[in-house]
Structures are given as C-alpha cells and as structure tokens.
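Colleague: Protein chains in written order, with my numbering: chain A, 1 to 217; chain B, 1001 to 1217; chain C, 2001 to 2217.
Hints are supplied without guarantee of correctness; some may be wrong.
As the list claims (entries may be wrong) - Stretches of chain A that chain C covers, calculated by requiring three or more beta carbons in the stretch to come under 8 Å of a beta carbon on chain C:
1. 60-68
2. 127-133
3. 142-156
Quick caveat, the hints were computed from the structure, so don't treat them as lab data.
A virtual CB, placed ideally from N, CA and C, is assigned to each residue, including glycine.
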Amino acid sequence: MNWSPGAESLSVVLTAIESLATLAFALSGLVAAARKRLDAVGVCVVAGLTAFGGGTLRDVLLDRRPFFWVEHAAWLWVLLALTIGALAFMRTRHLSPTLRAAQWPDAVGLGLFTANGTLIALDQGLPAIVAVLMGMITAVFGGVLRDIVCNDIPSAFSDHRPYAVCAFFGGWVLVGLWTLGAPEWASVLASVGVTIGLRAWAMTSGFILPQWRAGDD
Amino acid sequence: MNWSPGAESLSVVLTAIESLATLAFALSGLVAAARKRLDAVGVCVVAGLTAFGGGTLRDVLLDRRPFFWVEHAAWLWVLLALTIGALAFMRTRHLSPTLRAAQWPDAVGLGLFTANGTLIALDQGLPAIVAVLMGMITAVFGGVLRDIVCNDIPSAFSDHRPYAVCAFFGGWVLVGLWTLGAPEWASVLASVGVTIGLRAWAMTSGFILPQWRAGDD
Amino acid sequence: MNWSPGAESLSVVLTAIESLATLAFALSGLVAAARKRLDAVGVCVVAGLTAFGGGTLRDVLLDRRPFFWVEHAAWLWVLLALTIGALAFMRTRHLSPTLRAAQWPDAVGLGLFTANGTLIALDQGLPAIVAVLMGMITAVFGGVLRDIVCNDIPSAFSDHRPYAVCAFFGGWVLVGLWTLGAPEWASVLASVGVTIGLRAWAMTSGFILPQWRAGDD
C-alpha cells in the first residue's frame, strides 16, 4: 500500500481516529449517565464531556486551535441527536443499562484517543514522556470529568483495574515505533491494538493494581 | 436612536453586560455559599468562581486575553469588599439566606452571560451551534464550578428544572436575529429577555425536564 | 553579593523555586493520597496534580508555554519514581501516614509557589491584585484539584485554618518590595518567609477564620 506521509494525510488520519473515538466515548457516556438520575440536560452534558473533554484539555494544554468540536461542529448536532434518540428509546423500553455495556465502547475510545493524543504531541516535537502523558490525558480525562460531575471519585483512579496503565503502555508502543521510523498507520494500529487488548484483558481477568496498604482514617 | 455599530461600541456593550452579569452571579454565589459551612476564604472563592468562572472558561476555550478580571482588575476588589461586607452584615443580623433568594440574581446573570458569550463567539466567526454553546458555557459553568467545589452534583444537570435549556433558546434568539441583520442592541435585548423570561417561567411553574427511566444501581 | 538582574537570572531563580516547590507538593500529595484507598495510578495522578496543577493552571491563564513539566520533562520521571518508591516502601513497612506529616512539605510548597506565581505575573506587567491572585492560584490550586479528585470539599476553603490567606499576605509582601525596588532575591526570600511563617503559625496556633453564621439546610 502506498503511504505518502505528510501534513494532509496525518490530518486525515487524526480526524478519522478522533471521530471514531468521540462516538465511542459519547456512547459510553450516555450509557453511564443513564444509570445516574440526571435530567436530559445533564445526560447530554455528561455524554459531551466524556466525548470531548479529553481532547479539549489536550488542545488547551498544547495551545492548539480550533478544537475538534469547533472545526467539526456537526458533531455537536450528532451528540444532541444521540441524546434525544437514546432518551426516546429508553422511555419506550424499560432498559437497564449496565456498567458492563458501557465498558466496551469505552475500551475502543481509550485505544483510539491514546494513539491520537500521543501522535499529536509527537508531531509537535514534545519529549516522549510528555507525548505519552498527552495520550493518557486525551484518553482518560473525559471519563474523569464525567465522574467529577457525577460526584464520584474518578473510577480510573480508584477501581484498581488497569485503565490509564493500558493507555500508558499503548502510548509507549506508538512512541517506540515512531522513533524506529515505522510508517504512521502501522504505529497507530499497533498502539490502538495494544491499548484495547490490554484493557480487554484487564476487564476479563481478575488482575488488581497494587494498592497502598495505608491506615484507616 | 442612533446606533453606530463598530468594534468600540460592541466592546462597550460587552463590558457593560459582563459587569452586570458578574455582579448578579457574585451575589448569587454569596447567598448560595452562605448556606454552606465554608470559611471566609471559601465564601470569597465560591463567589468569585460563580462570577468569573464561566467567562474565564469561555476565554480559555476561545483563546481570548486579557480576561475580564485582568482587564478590569477593580472587580477583584469589589468581590473582596462584597464578601467582607456580607460577612459583617450576616454576623450582626442572623439572616438565613434561602436558595430561593439566590435564584433571582442568578436568573439575571444567566440571561446576560448567555447573550455575552454568544455574541463574542459570533463576532469571532464561529458556527452558530458553537456560538450558542459558548453562551451556555459562559452562563452555566460558573454555577457548575460552584457546585463541584461545594462537592454537589451540579444543580444545572440534576434538578430537573430548565436552566441550561433557557440559555440554549436565548442563545438561538441572538443567533437568529444577528443572522437576519437586526441591530446589535435589539438582538442582545431580545436574547436576554427570552432567557430570563424562560427561566422565570421555569422557576414559577412546575415544569419538569424529561428524565431517564433508568434502573437503580 | 553581586546580583546582576536580567531575564536569565530571573529564569534561573524561577526554575529553582518551582523545582523545590514541585518536590514539596509531590511529597505532600503522596502522603495525602496514601490515606485514601486509591490504586497506584490514582496515587501517582493525585501526587502529580498536587505538584503540577497550580503551576499549570497559572500558565494556562497567563497563556505561557511551555509548561514546567514539558520544559523539564525529567520531573515526570521523578514523580513516577517517587510513587513507585513510596509504594514499595509502604508495602514493606506498615506506615500510617498522617495528615500532620503532609502539612510541613505542604507549607514549604505554599510559600515557594506563592512567590513564584506572583513574580511571574509581575514580570508580565499585570496589576498588583492580579499578580497576588496568580500567586495564590499557583500555590493553592494543586491542593484544590487533589481534593476535588478525592471527592472532598477542598480543605483550603473549609477547614477554617488560614491557608490561602497566608499566600495572600505573602504575595503582597513580594508586590510591595518589588514596587519599592528591592532586589529580586530579597523580595522572593521575604515573601517565601512570610508565607511559610504565617502558615506555620496557623498550623500551631488555634486561630480560626471567621465563618458564616448561616442557617442550616
């Protein structure tokens, strides 16, 4: 396959990844918000924060403009339609959205956003550890905002299952392949695959992160 | 009335609106914070976050500098004086500030900040939906920050009364009139009026936002 | 002592201060996080937010780039090593980290970050009250983020002990000496000393901030 690297192709790849990840996280946010007794506005906001929060924070930190949801403003309409559609659908059928159902689109979003954020930071010439951190922020911070608004301790920091750690390793895969001169699409694909694979393993196995054996309050 | 549009007059209109809205939100934040057992520093910070939070987030997102409270630094003194004055006043008289009392200045601030944020975004040439979103963020985010710091689920997303929705419709009124070429002052006035009117109706009627009929945890 | 003021020496002073303050706050965040039942990722994130959160928010507000942790990316490795080291250390010995132990490095960080943030804002030519506010944000906001992520009301706003107030006075000391033309190192030293001294006095004395005598909910 011919791959002519360049600013335009990079931009197309990034937009495609970010679109997919946004959709995955919006779905994950919708299902998660449906379990909280938020009103319709709250559900829409939580879905939006989950979908756009990580990428927007990354862009604020990297001083990038325009934001994804400004350049592709149609996504705001998609989010609105998704919320109204899901609301109508849920009111006709008495569905009990489970946390488990939200985990799979969430894992896909995690992988895509990790690669996306890491790639953008590498492209700006930032140090490797900062690029990996940007990937993690892009991937994890949407869910952190969701949990803060829902008045929970962010599950990414407290449920003892590897989540941000998967993004950490997935980011290093991208940094490593990029440094070795691998083609962009292969690096991205490997990074997304490793992150999603690790997360899938974390969800299905019983692996528990090490924890502080601290005294009680 | 003669109205000569231009950058200067727009700037004057925006500053006047933002000053009024800041005062309204600072009052609303003070009354709300007085109900929490925060100390004097906490009350001042919560009043300040409520007053400046939404506009500051809008400016960070739009990459505008200087912030309102940097260009008009006197407002920081006003906020400090307001807090100390209210503290002294409350200690001499045993007032029980009610949530209801905070709702009216809050509704005024909601209307003014919606028009302010939407106008600024339109002036930057952003898409209509993004402009409306910026108006909503300017108007709603101060209260969201207040609730997050006070460790509550933001009432804007969970009390089932139209709040952000009023800003949404008020923002579209401004976008519509602006697109139709109406004079600025008329567009702003109509937008502010619609937002405050909708919010007043929401507060006095028993209207409830649709909610998710989701299963329990 | 010869002191040749200039952009370079200012930059060296600022970097040295920010390094020390970052280390102090990272330690304080580690000890505080060890008391929460967060997993290893959460502990690392909370330590990082406490250490870098205030300075990063200051830089976002002042539109400064690169961030401290981008320019000095090695600090991210230090943070990671600190977390892993502390984790291993805590697992071998059953230590009960007390809040009291975290308060002393925290006080040092408070003093250093206050001077650092105020100095940077003065150097940008901002008004005095804004400079003091920037010093307070740099010093206090890391801990606020830590408490928000841990789902507590920020202790800086609710524990009725002077904390942000110490930064407030320490900031004014720097502004005053700077305005009077005192050498930079003396202004910084006095500001750091006043802030830490006030905080030490607040921690050891029983002084209580005035509080709202508000009605119950």
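Colleague: Each hint: holds or not?
Modeller: Hint check results:
1. 60-68: Held - the stretch 60-68 of chain A has 3 residues with a Cβ nearer than 8 Å to chain C, which meets the minimum of three.
2. 127-133: Answer holds; 4 residues pass the 8 Å Cβ test.
3. 142-156: holds (count 7)
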